[in-house]
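Please arrange chain B on chain A, whose structure you already have, making use of the hints.
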Amino acid sequence: MSKVLILAEHDGTTLNPSTAKCVSCAAALNAASMDIAVFSDACGPIAEQAAALTGVNRVFTVERAENAHQLAASLAPQFVEIASGYDYLLGPSTTYGKDVMPRVAALMGVGQISDIMSVEGPNTFKRPIYAGNAITTVKAPANMPLVATVRVASYQAAETGGSASVEALQLEAELPGHTRFRELRSGGGDRPDLQAANVVLAGGRGVGSKENFELLYRLADQLGAGVGASRAAVDAGYVPNDMQVGQTGKIISPDLYIALGISGAIQHLTGIKDAGTIVAVNKDAEAPIFEVADIGLVADLFDVIPELEKRLG
Amino acid sequence: MDKVMVCLKRVVDYNVRIRVKPDGSGVVTDGVKMSINPFDEIALEEALRIREQGQAAEVFVISIGPSDCQQQLRTGLAMGADRAILIETDLDIEPLTSAQLFLKIIEKENPQLVILGKQAIDDDCNQTGQMLATLWNRPQATFASHLELADGTATVTREVDAGLEVIEVDLPAVVTTDLRLNEPRYVKLPDIMKAKKKPMETIALEELGVNTTPSFENTNVEAPPERKKGVMVNDVGELVEALKQKGLLT
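Taken in order, these protein sequences are the chains called A and B.
Counting with our numbering, you get residues 1 to 313 for the letters of the first sequence.
Counting with our numbering, you get residues 1 to 250 for the letters of the second sequence.
One or more of the hints may lead you astray.
[To be verified] Simulated pairs of lysine-lysine, DSS-like, Cα-Cα distance not exceeding 25 Å:
(1) Lys-198/B <-> Lys-3/B
(2) Lys-126/A <-> Lys-21/B
(3) Lys-283/A <-> Lys-228/B
(4) Lys-228/B <-> Lys-273/A
(5) Lys-229/B <-> Lys-283/A
(6) Lys-188/B <-> Lys-33/B
(7) Lys-244/B <-> Lys-283/A
(8) Lys-273/A <-> Lys-21/B
(9) Lys-229/B <-> Lys-273/A
(10) Lys-273/A <-> Lys-246/B
(11) Lys-198/B <-> Lys-273/A
In case anyone wonders, no lab produced these hints; they're calculated from the structure.
Computed from a prediction, not measured in an experiment: that's the story for all the values here.
The following block holds chain A by itself, in its conformation from the complex (with noise of 0.2 Å):
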């Protein structure tokens, strides 16, 4: 019977929903046991939600000063040394996770599937190719072992409420002196994750500027959304790069998502793709956005905010 190992994501407190997604692939590959691991230099709270996540069986805490930052190259070492015997090697397809996956493929010596988004068969996935303008069906080998990362969009988070055992492992694998963290800057402030929200603002070029920005934050708050952006109103210095969303942004799912001047470039297109219903408002009524909108209006965003927080005051 197989094994699933899945990598914890976490920000040193609290474990990031791309681990439940994790979980969620895992069960569609009806193995016989489920077993997460956190890496950090205090486990406790990060262990405690990922145990209590459905259909996880064990959770090894490996808690050590070194893992207070979460660095690829002692990650990997560490990760591999416990993965000896599991099937499935996952990790989510975040920054992270891409990180730090390919180098535990590269350790066993196996290759990486990349962005799993569906499981067709134990060997058998689905993963999106060209920026999502193809999908393409993949068999990995019977006889070893699997790594892949986990399209985070592409599923639900597993619903809480398990109650897996939490072991602490003492790892022997050595750790390279070759790579230390200096900082981490963070651009987001209170409002909801991008990716796990379930409504989205987001403002392009149209918006104008950083203060006009504020309008979108106003609005986000009264509904209680997460904000982003097009690439076109980061590299306009409106925003910082960590609400891009897009193709080489992030790629986000929510309920609803609403494009406020977002004329709808491609590599935008390619991250909202998974949202549930994309609103698009653009005074240009050939803008490419409203191509794949589920709901159009062609108008002046500084018209709709102030009388959509109005109706919905």
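Then chain B, alone, in the frame of chain A:
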């Protein structure tokens, strides 16, 4: 430093609208414009700037693929690379194999820095740089948006989901590029003429002694499901009404 190695992949140009072949065997590439993978072009630009600032003596570019890859390598030479190496093959090469092949060249050339795109825009794997760093037993700095070199180290700002992370790595190291690292230069006509005289070495894949049997089989390539055609509303009132009907607003 002595040398910077830059890996270039030949891919369908990013402006081309992708069409899937009706028989599910792949996407149409016949008669389609091919270019350097945009992330690799950024990698080359960064390497050239490092050399121009006097921090490296030589920049060489390398590609794996059919003889047609010489076009992209020539473009790299026209941008300013000093020489090019093509590992020639008509086979489809998986990222782990690419990493093993690049490592063979590294062992011969001993570059202090290897720069390549964070992913290729055809298979979107995002693996080769990380795998190469691992096999080489050296550090990696992925998704770089800023790179600073000092004596024996590189300080790299990385674009991560949580914001910008800064790490310091010992050289030699592998750096993979994100979009905001730089804007690649345009190639001028005299540079294209000059590039014709620059050295291009071709190595047969078989000479490198790497097992190139693929692990994975792509059994079918299809177009993504299309979204249902949407509706246009006339004003904010209708918009709010439509969202309420879908249960998205209360």
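Structure-based check of all given hints:
1. Lys-198/B <-> Lys-3/B: 16 Å, holds
2. Lys-126/A <-> Lys-21/B: The hint holds at about 17 Å.
3. Lys-283/A <-> Lys-228/B: 23 Å, holds
4. Lys-228/B <-> Lys-273/A: 12 Å, holds
5. Lys-229/B <-> Lys-283/A: 20 Å, holds
6. Lys-188/B <-> Lys-33/B: Holds - the C-alpha atoms of Lys-33/B and Lys-188/B are around 20 Å apart, at most 25 Å.
7. Lys-244/B <-> Lys-283/A: 23 Å, holds
8. Lys-273/A <-> Lys-21/B: Holds: Lys-273/A and Lys-21/B sit about 22 Å apart, inside 25 Å.
9. Lys-229/B <-> Lys-273/A: 13 Å, holds
10. Lys-273/A <-> Lys-246/B: 18 Å, holds
11. Lys-198/B <-> Lys-273/A: 45 Å, violated
Hint violations for this structure: number 11 only, all remaining hints satisfied.
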